[in-house]
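J.: First to last, the protein sequences are chains A and B. Under our numbering, the first residue of the first sequence carries the number 155, and numbering increases by one thereafter. Under our numbering, the first residue of the second sequence carries the number 155, and numbering increases by one thereafter.
Please note: incorrect hints may appear among the correct ones.
You can't tell identical chains apart in this list, so a pair holds if it fits in one copy or across any two.
[Stated by the list, open to error] Pairs of lysine to aspartate or glutamate residues, derived as DMTMM-like cross-links and limited to a Cα-Cα distance of at most 25 Å, are as follows: (1) Lys487 x Asp345; (2) Lys487 x Asp288; (3) Lys219 x Asp419; (4) Lys462 x Glu163; (5) Lys454 x Asp212; (6) Lys406 x Asp212; (7) Lys314 x Glu459; (8) Lys274 x Asp250; (9) Lys219 x Glu396; (10) Lys406 x Asp429; (11) Lys454 x Asp429; (12) Lys487 x Glu260; (13) Lys406 x Glu350; (14) Lys446 x Asp250; (15) Lys406 x Asp345; (16) Lys274 x Glu451; (17) Lys454 x Asp275; (18) Lys274 x Asp493; (19) Lys462 x Glu215; (20) Lys406 x Asp275.
Since the hints were derived computationally from the structure, they do not count as laboratory data.
2 protein chains.
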Amino acid sequence: MAASSIHAETLQSHYPWTTAPLVSSAPMRLITTDPLAIAVSQAGGLGFLGAGSGTDLDRFESLLKSTADALATSPLPGTPPGVLPIGVGFICWGADLATAMQAIREAPLKPAAVWLFAPKDTDELMAWTQGIRDASDGKSKIWIQVGTVADAVQVAKACKPDVLVIQGADAGGHGLVRSSSIISLLPETADALAAEGLGHIPLVAAGGIVDGRGVAAASALGASGAAMGTRFLASPEAAISEGYRNDVIRAKDGGVSTIRTNVYDRLRGTEGWPDHYNARGVLNHSFWDHEKGMPHEENKRLYEEASKLGDAGWGDQGRMTTYAGTGVGLITKTMPAGDIVREVLRDAAQTLARL
Amino acid sequence: MAASSIHAETLQSHYPWTTAPLVSSAPMRLITTDPLAIAVSQAGGLGFLGAGSGTDLDRFESLLKSTADALATSPLPGTPPGVLPIGVGFICWGADLATAMQAIREAPLKPAAVWLFAPKDTDELMAWTQGIRDASDGKSKIWIQVGTVADAVQVAKACKPDVLVIQGADAGGHGLVRSSSIISLLPETADALAAEGLGHIPLVAAGGIVDGRGVAAASALGASGAAMGTRFLASPEAAISEGYRNDVIRAKDGGVSTIRTNVYDRLRGTEGWPDHYNARGVLNHSFWDHEKGMPHEENKRLYEEASKLGDAGWGDQGRMTTYAGTGVGLITKTMPAGDIVREVLRDAAQTLARL
């Protein structure tokens, strides 16, 4: 049997309510809360809560509970006993493992997946992997996000994750300063894992995928699923302002209207990311003024003024952070998250059938 | 009929000896000469000569002649009358159109395709398009390479090319400083062209594609073909030193072992590229020393010393320019160019059948 068929079976056995290839909503800190994650899983995908980092975790226990409550009256078909058909994502360097473990241990239903991203080092990642497996009695499958071939192999050996998320340079928000797109990263990673006897780990592609064509392409490259972040920003369920959402819809030509930079992190006071990470966002006056040499203090002052404008802090004269991937130009309208999943699954199947 | 089927028919009618999806060897200045281009076309692809720019064109007429001579005894099936089943690529900003036109006009067989890249502006590109069409009596189909959605639409309207080459950020050698990978660039371009009534133009994807999985992914994204440069560097037909070729095979993890920069252009004295271009190459001591702050003059002196070492100018201690794309990590051995085409076509078909 081809590796890809084994992977599809693995993911289907973990997540029986889903349709192959697996479509996930990426955990986005403060953005992907229960309405979005639930809608994605209900439509045959796997929705992730952005549990985030730092004090975000204060809300994690109640977020798990509200999600479980919302799904109690309409359980998803085939969900394994004791499992919540929803995933949870942590930014490891800034999140407290003990808090996460306690919430998962006390939850009657364990998240179907826990997505780990950006640890300080491999030891921390191993601690998270073991801690979550312990706290969930193995019910929470471990997803680990990487952005290089070397990291994929190292993490696969050290943590034996259930899924590896392979993030390419096109992804919105945080990712590696230096990486390639999934067009070469995904197959090179697949080959490197296979050469190490680790080819059984399913790969989920992320970065630049926003529609069925992208999901079909990811499948061709060797992925068993795809994670989309930017696409779900244009759903009403995403917890962002209308100004942000409108900029996602407005931005075209994603390779030139977005850029990887740490300018937005600095302006909004996002601190603590390891140096080898930055974040892709839509260009606006904050970036252009930075590029023209505006001192940081002045730029920050203007940023803080803009932040008081609400939705008007975005738009033509906008300065506010608008994390988004290069796929932003393919997003032309707002659509409910469940409809996005159904459309993407349908278009991916049609694309593959056409080929 | 789906747009992709129409495109496949269009390309098959231009290039009847080829197998769909169209696999091309990208024109690489000084690197892709007649043995490589001929081998690619003989294997069912479309090989391109790198006619280049500047004084490179002094050799263009004889390059066309030697290619025609080599193919005279074994014509490719279905080649249209008066057509040489080989393409030619020009770097427009540095090439003399009159010289190119004269050589094509005087050649008994006209190149099946002329690939235009990096004009100073759209007027120059329109002059090239019209000039080549005139000189070839329309026998040379016009391919134009772009790296943004806006450029694709503008060029399609102004020049009505026969093919658009959509180059993503993963590509080796010269390309735009700012762009996305084909994962989002290709479908966004396809949609933008369709919205302008220009959806009939076939798209060829370039950047990060080195094997059948990449070609299959490009097809899923909406391309009718793929152009590979880096992969063919690892063929004996590529006119590069063994040191360069060995570095291509040695480099792994293409997202971190290569980078887009103008450091190598400056060190090797490559001048004249418009500011919005740089080039992706394999990292080595030239780049690392630049990054550590070594003055350009000192770096250039070391570069020139390294250039006297022959193949030893590459390798562990290497400093020499090694243009290559992010797909470099997927290339593990040297293979004849024709075998590359056959393997890629076979693997692309198998990948699509698997899906």
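J.: Hints first: check each against the structure and report whether it holds.
T.: Hints, one by one, checked against the model:
With identical chains, the CA atoms of Lys487 and Asp345 are at most 25 Å apart between copies only, with a shortest distance of 14 Å across copies and 37 Å within one. With identical chains, the CA atoms of Lys487 and Asp288 are never at most 25 Å apart, being 42 Å at best within one copy and 44 Å at best between copies. Neither within a single protomer nor between protomers do Lys219 and Asp419 lie at most 25 Å apart by alpha-carbon distance, with minima of 31 Å and 58 Å respectively. Taking CA atoms no more than 25 Å apart as the test, Lys462 paired with Glu163 passes in neither setting, with 50 Å inside one copy and 56 Å between copies.
Taking the closest pair of Cα atoms, Lys454 and Asp212 never come within 25 Å of each other, the shortest separation being 28 Å inside a single copy and 55 Å across copies. In this assembly of identical chains, the alpha carbons of Lys406 and Asp212 never lie at most 25 Å apart, being 37 Å within a copy and 42 Å across copies at closest. When the C-alpha separation of Lys314 and Glu459 is checked against a cutoff of 25 Å, the pair qualifies neither within a copy, at 47 Å, nor between copies, at 47 Å. Taking the closest pair of Cα atoms, Lys274 and Asp250 come within 25 Å of each other only inside a single copy of the chain (12 Å); across copies the shortest separation is 54 Å, beyond that limit.
Taking the shortest alpha-carbon separations for Lys219 and Glu396, neither the intra-copy value of 27 Å nor the inter-copy value of 62 Å comes in at or below 25 Å. In this assembly of identical chains, the alpha carbons of Lys406 and Asp429 lie at most 25 Å apart only when taken from different copies (22 Å versus 29 Å within one copy). For the homomeric pair Lys454 and Asp429, the shortest alpha-carbon distance inside one copy (21 Å) is at most 25 Å, but the shortest distance between copies (29 Å) is not. When the C-alpha separation of Lys487 and Glu260 is checked against a cutoff of 25 Å, the pair qualifies neither within a copy, at 40 Å, nor between copies, at 53 Å.
Within a single copy, Lys406 and Glu350 get their C-alpha atoms only as close as 41 Å, which misses the 25 Å cut-off; across copies the closest is 15 Å, which meets it. For the homomeric pair Lys446 and Asp250, neither the shortest alpha-carbon distance inside one copy (39 Å) nor that between copies (36 Å) is at most 25 Å. Proximity of Lys406 and Asp345 under a CA criterion of 25 Å is satisfied inter-copy only: 11 Å between copies versus 34 Å inside one chain copy. Taking CA atoms no more than 25 Å apart as the test, Lys274 paired with Glu451 passes in neither setting, with 29 Å inside one copy and 38 Å between copies.
For the homomeric pair Lys454 and Asp275, neither the shortest alpha-carbon distance inside one copy (31 Å) nor that between copies (37 Å) is at most 25 Å. Taking the closest pair of Cα atoms, Lys274 and Asp493 never come within 25 Å of each other, the shortest separation being 37 Å inside a single copy and 44 Å across copies. In the homo-oligomer, the alpha carbons of Lys462 and Glu215 never lie at most 25 Å apart, since the shortest distance is 31 Å inside one protomer and 65 Å across protomers. Taking the shortest Cα distances, Lys406 and Asp275 sit within 25 Å of each other only across copies (22 Å), while inside one copy they are farther apart (36 Å).
Figure legend: structure checked against the earlier numbered hints; hints not met, in rising order: 2, 3, 4, 5, 6, 7, 9, 12, 14, 16, 17, 18, 19.
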